[in-house]
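Combine both chains into one complex, guided by the hints.
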Amino acid sequence: MDCAKKTKLVLLSCGSFNPVTNMHLRMFELARDHLEDTGHYEVVKGIISPVGDGYKKKGLIEACHRVEMAKLAVESSSWIEVDSWEGRQADWQETNKVLRHHWEELLSREQGTDVVGTVKAGRKRKRIDAVSISNKRKHGKMEVAHKGLMHKTDGPHLMLLCGADVLESFGVPGLWKNEDIEEIVGSYGLVCITRSSFDVDAFIQGSDLLWPHRHNIHVVREWVANDVSATHVRRALRRGHSVRYLLPDPVLSYIQERRLYTAESEQTNAGVVLAPLQKHAGNHG
Amino acid sequence: MGRIPLVLLACGSFNPITNQHMRLFELARDHMHHTGRFQVVGGIVSPVSDSYGKRGLVPAQHRVAMARLALHGSGWVTVDDWESRQPDWTETVVTLRHHLQKLLGQQPSAADLQMPHSSLEGSSEPPQLKLLCGADFLDTFRVPGLWRAEHVEELVGRFGLVCVSRGDLQADRAVHESDTLFRHRHNIFLVREWVRNETSATEIRRALRRGLSVKYLLPDAVIDYVREHQLYTWQSEQRNKDAVLRPLGQQGAPSEPLNDS
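If you read the sequences in order, they're chains S and E.
Going by this note's numbering, 197 is the number at position 195 of the first sequence; the sequence numbering is gapless.
Going by this note's numbering, 93 is the number at position 89 of the second sequence; the sequence numbering is gapless.
Chain E extracted, bound-state conformation (with noise of 0.2 Å):
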């Protein structure tokens, strides 16, 4: 058949990880196949390290865990903890690349992909990784100082995103005003959400640290795990409270916002 194998990859916080955060894999993958040219073989939920230094972020060491219990039975998507373990925080583009390496190095044996063999049988293509995200991640590339330009063409150029929105026109915006977006475009996939979620991770420790109740909102398995180990509370939103968001503080002199409208 010929289809492009896939994985996903999503970087983020996951502060707590949400049905929210799940879903987005899910309709992501929907859409890839429907293209009719890609096989989505895996999924790949990648915690941020602590270094981050984003307000409320608790321990990777339980973000990683919580992950782990809310994606127990997906069959498709897991958690690795490779870059919650790095001693500094790492650009997104460099964790691509560490997974794609992995990916490709491990071509040859499925088991890795936790998909049957004959599934990557038949395919001549190589695989592909793709970031995984939101809408609202594309308007980050206009934030000055964010992010390097060279790494955006990477991100785009390479790599390529798949990127989730609701029924909104926001991402097509953004990709319609940025240069270098809008020539990669074709490695742009825009999924669209038709019902409004926004039950977000914020919104979610917000309830949480006034003891209100997040059932079906994320996995009883994690909602044991936060009351067990007593994380979010005012305490744990206080954290990183003064702190410069980590990629802000290391690209040293702001580079050029992305401007090229």
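Excised from the complex, chain S in its bound form (with noise of 0.2 Å):
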């Protein structure tokens, strides 16, 4: 049984961090115990990956400093690193363009082509496969182009971390496009958290769209409640309340420093309408 060889991973986490919270921290550890429990994987690498200003979601905090914060909360971490290029990027990307990205960042580096470095520093990107990937995306044989770029190399598989939130989200119209959530359960693989009161196996086999793919989405059980999120955090820092302890004390010190979340940094993008649903206006997914 160990003589099969484990299938290295990286996880991916895409959301607000607004701000990092231990509730994200922990989604890491979890997810990470619960793959390399099956015996068939080794999680080598973690990325936290805050999401670019361009989102518009409302009381989101300018992207530099959410990254800055997050490099912070890692900073004790062996294998969870922070990654700048989704924030930087001045429209929103979509998950599954963040998740290609990093899976390019992945391969050219698989290639030896890369300049040592880890995703922290900004270095220069070998284009070399990016460029082949690009071409058969125009021929729409891109799916399938990354489904079997990640069977065949020897390298690490890119999975999305998330918590049964996002993949409740899949089912809000207008937020998501299909072809994405294909692209997402399909060519890479889901890693989702459950808080307990969603059922996830449920929703999967009601879901036509995710049920092929069912093999691709790993559900962890979180067994103990930690519903500790950045929107109660927020709240507790505008009304003057403690966090500390729900989040690492040098994230804790960067916002009480900077004086972040007040009532009118909640303020921010009041009314207006998320980048993806202003994107996807007209299709019905």
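Since the hints were derived computationally from the structure, they do not count as laboratory data.
Certain hints may be false.
[Unchecked claim] Stretch by stretch, here's where chain S covers chain E in the computed footprint (C-beta under 8 Å, at least three residues):
no.	stretch
1	20-31
2	60-69
3	156-166
[To be verified] Per the computed footprint, the stretches of chain S lying under chain E, defined by three or more beta-carbons under 8 Å from a beta-carbon of chain E, are:
no.	stretch
4	229-237
5	247-259
C-beta: ideal position from N, C-alpha, C; glycine also.
Listed below in structure tokens is the structure:
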């Protein structure tokens, strides 16, 4: 049984991280434990990718702060990093685009053509495989090409790490394009941390889109409720309540020094339509 | 301003101390400040002694050491090992009496309370000591033989409780259903923790036994300590497996449960 080679995995977590909390960090730990416990995987890296300001979510403070706080949060981690690419884009990037970007980075590193470095440093991207991918994309064979690449390479696979709420959001009209969902669960895969209130298995069962890819969707049961959300943290901060021990101390200091998260900051993008809904207006998912 | 200086005392196993324990202090402090009547000047973590006999309890020296590591950067909460050093298990009110006496005796010296002297000046009120606990604690009053009626009376009458619970009404119900608690309801402060955060020490010990990660549930320094000393194994969880919890053993003939509804 232990002769089988373990698949290397990189877990990518997209989200507002507004701000990053212990709950976000716990998700990585829970996912890694679960996947490695199957005996089939070795989780080699985790990536936090804070969304860009173009997402236009209410209360979303500047990406530069959110990236910096995430970096402070993972300082003590041996395997979780922060990538600022998505945060630096002017326009909002669909999740599958972010996955593609990181997949291309992983590939180019595997090819050995990349400069040695971490995702934290800005660096040149070798476009050899990226070009071949984009060519295949133009011919509508992208998904097949990705799948093929994923299985051919000995390198790590990339999966999206998320909460059950993201999976649930697949059902919100206009929020996701079907072909994007298809790409995410088909070409990459999902590691989904459940909050016990949402029946993930039933949701997958009831979705013709997700059901064929059910083996690519790993459901991690969180037995102990941990609902500490960034929304709750922001609310507490607005009201002058302590959020200590809900997020790492260096993140808390960063917030306090700059007085981020006030009643005013919560009004950012008030009345503005969320970018994905704007973009997909007219698409009926 | 006339605010009453207040110290919060938390008794418990702290086996091990977790972020959730430390949250209780933060939530309680905010709540008591917002009443306008109190100025929280200190917090005390008082780990129970080994003779408590609870299942899976690791030696007090470790539990005290871990709590100290966890609260190292706190600024207002400290760890006191008096209770853990007593030869036998100490009733909660005895621990409270000990700390109140210490507090009153030290009144002129703000240094012991780790607050600038000015916070005690201008307050003509003597400092108070209240027990910090979770909602489950209120339900323990109903366990036959666990509490002496006069102790409950002293606990809620003379000292007072700051009880942190989830958004459910468990604590309110417990106060409502007991005449003793109801009589002293103005000395029982119910603090709501609206988000569910159920990562208990029990859960953490379970994860540790199974080699699972507990990072971000308790401070890194405590995790390192646990690793170094190899605490929390299947074996450690077997400790006191067949023992009777000390308070139940000590009280002799079971007294009337607090059945005064």
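Cross-check of the supplied hints:
With a threshold of 8 Å between beta carbons, the proposed coverage of the stretch 20-31 of chain E by chain S holds, since 6 of its residues qualify and at least three are required. Check result for the stretch 60-69 of chain E against chain S: violated, 0 residues qualifying (beta carbon to beta carbon below 8 Å, three or more required). Only residues whose C-beta sits within less than 8 Å of a C-beta in chain S count toward coverage, and the stretch 156-166 of chain E has 0 of them, not enough to reach three; the restraint is violated. Only residues whose C-beta sits within less than 8 Å of a C-beta in chain E count toward coverage, and the stretch 229-237 of chain S has 4 of them, enough to reach three; the restraint holds.
Look at the stretch 247-259 of chain S against chain E: 4 of its residues bring a Cβ nearer than 8 Å to a Cβ of that chain, three or more, so the hint holds.
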